[in-house]
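J.: Assemble chain Y with the ligand onto chain X, guided by the hints.
Heads up: the protein sequence lines correspond to chains X and Y, in order. With the numbering used here, the residue at position 55 of the first sequence is 55, and numbering never jumps. With the numbering used here, the residue at position 132 of the second sequence is 372, and numbering never jumps.
Heads up, some of the hints might be wrong.
To be verified - Simulated crosslink set (SDA-like; lysine to any residue; CA at most 20 Å straight-line):
| id | chain 1 | residue 1 | chain 2 | residue 2 |
| --- | --- | --- | --- | --- |
| 1 | X | K30 | Y | G409 |
| 2 | X | K138 | X | L180 |
| 3 | X | K30 | Y | D411 |
| 4 | X | K30 | Y | A295 |
| 5 | Y | K378 | X | A88 |
| 6 | X | K149 | X | Y183 |
| 7 | X | K30 | Y | E294 |
| 8 | X | K30 | Y | K378 |
| 9 | X | K30 | Y | R352 |
| 10 | X | K30 | Y | P269 |
| 11 | Y | K378 | X | V34 |
| 12 | X | K30 | Y | N381 |
| 13 | Y | K378 | X | K138 |
| 14 | X | K30 | Y | H385 |
| 15 | Y | K378 | X | P4 |
| 16 | X | K30 | Y | G410 |
None of these hints come from the bench; they were simulated from the model.
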Amino acid sequence: MAEPLRRDGRGAHPDRDFPAYRSTALRHPKLPLVPLHDPETELTAPFLGTGPIGPIDADLTAQHDGTPLGERIVVTGQVRDGNGTPLAGQLVEVWQANASGRYAQAEDAHDAPLDPNFTGVGRCLTDEHGTYRFTTVKPGPYPWRNHDKAWRPAHIHFSLFGTAFAARLITQMYFPGDPLFPYDPVMQSVTDPAARERMVAAFDLDATVDQWATGYRWDIVLRGPDRTVFEHDLPGDGGA
Amino acid sequence: MAERNAEEVREQPLTPAQTIGPFYGFALPYPGGPVIVPDGDLRVHGTVRDGAGEAVPDALVEVLQADPHGRVGGLFGRCSTAPAGRFAFTTVRPGATGDGCAPHLAFLVHARGLLLHLHTRMYFPDEPLNAYDPVLAKVPNDRRHTLIAVPDRDGLRLDIRLQGSGETGGDETVFFDV
Ligand SMILES: [Fe+2]
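The following block holds chain X by itself, in its conformation from the complex (with noise of 0.2 Å):
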């Protein structure tokens, strides 16, 4: 039997009924959420390995044969639950902007330029400490039909599995001091403060390389085991 997840701390999601962001007016359920306790397939977490996802590749700044314009950057961190157990072996997957913002798919009218040394597409698995890295650029800030003048804060997309299906996570990281952050309504669907920080990466001088790129920290928190409640019904294996 797979090991329940803690319920606690989810308030940090935004709501999906969120007017600011339009596109949420016709895509949030209205009907409560019916409550699933201890389910067996989503405590569980999908083998991914490195096989049904593809080719695993961390430099975003080496996938074509020349390099790509914009400041090149290191973005790293911790991967954990929140119990504070760093996950390692996890898939992380990211997607982002090239450093003109925009987006190396064919649906993105944004007038500026694509970057032929630059898709944006990246992988990587977690090292025994939890630990990801990522070299890329830097993204540009990009503009969207949401209301007058909305640009959305530079960001790169993240993926996360986690220990279970129910612990999975799509988000985005920020970069600090950007000033389109009071305007950006899907940044600010978080609406308490912390929380929101903690979707902002710090410069880190440790992550910085010198002569050659500058350097961010972020630390990803997934939910984890419900240890408070379930560790004495646990077997001695640990269970799952």
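T.: Showing chain Y with the ligand alone in chain X's frame:
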């Protein structure tokens, strides 16, 4: 909630979720993502719709299911709904899981305009174990049909309605708080 082992737990506040956004299509879908089991004899497909009944062409649907012996973990699929709001998976019918649930597929739906993904499930029509399924038992009678696939000539169809229509919204898919 019991706190007897609280001292062993170094509490860490969670990282908040954000929408997958509109432009994940060049990044997350992968060849074979919709093929949960190569040469599987079951096709599961459907359309994701919004509260106006319009197809949602920028959703990402992920599936986790048990194998025919009821073991969960190895069978995972991912399918974008571009360009017409439709998804389709090739797989096999799962066995019943050890928690007493009838055979089912667990679904995650991500989309632009969805700030935190949604959990739902697909159950099988004409499955006698559905009557004893502890999850279906918690779902109001008049909404249970939103979790049960409909046979058609392409396989089994499960349409996902992110938001119901009208005052009652009774056609809204049942989503779970896991
Ligand atoms: Fe984005």
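J.: The structure should be examined with respect to each hint, and the outcome stated for every one.
T.: Hint check:
1. X:K30 <-> Y:G409: Holds - the C-alpha atoms of Y:G409 and X:K30 are around 7 Å apart, at most 20 Å.
2. X:K138 <-> X:L180: holds (15 Å)
3. X:K30 <-> Y:D411: This hinted pair holds, its Cα atoms lying about 11 Å apart.
4. X:K30 <-> Y:A295: Holds, at about 18 Å.
5. Y:K378 <-> X:A88: violated (36 Å)
6. X:K149 <-> X:Y183: OK: X:K149 and X:Y183 at ~9 Å, within 20 Å.
7. X:K30 <-> Y:E294: holds (16 Å)
8. X:K30 <-> Y:K378: Judged against 20 Å, a Cα distance of about 18 Å means the pair holds.
9. X:K30 <-> Y:R352: holds (17 Å)
10. X:K30 <-> Y:P269: violated (29 Å)
11. Y:K378 <-> X:V34: Judged against 20 Å, a Cα distance of about 7 Å means the pair holds.
12. X:K30 <-> Y:N381: holds (18 Å)
13. Y:K378 <-> X:K138: This hinted pair is violated, its Cα atoms lying about 47 Å apart.
14. X:K30 <-> Y:H385: holds (17 Å)
15. Y:K378 <-> X:P4: The hint holds at about 18 Å.
16. X:K30 <-> Y:G410: It holds: about 10 Å lies between the C-alpha atoms, which stays within 20 Å.
Hints 5, 10 and 13 from the earlier list are contradicted by this structure; the remaining hints agree with it.
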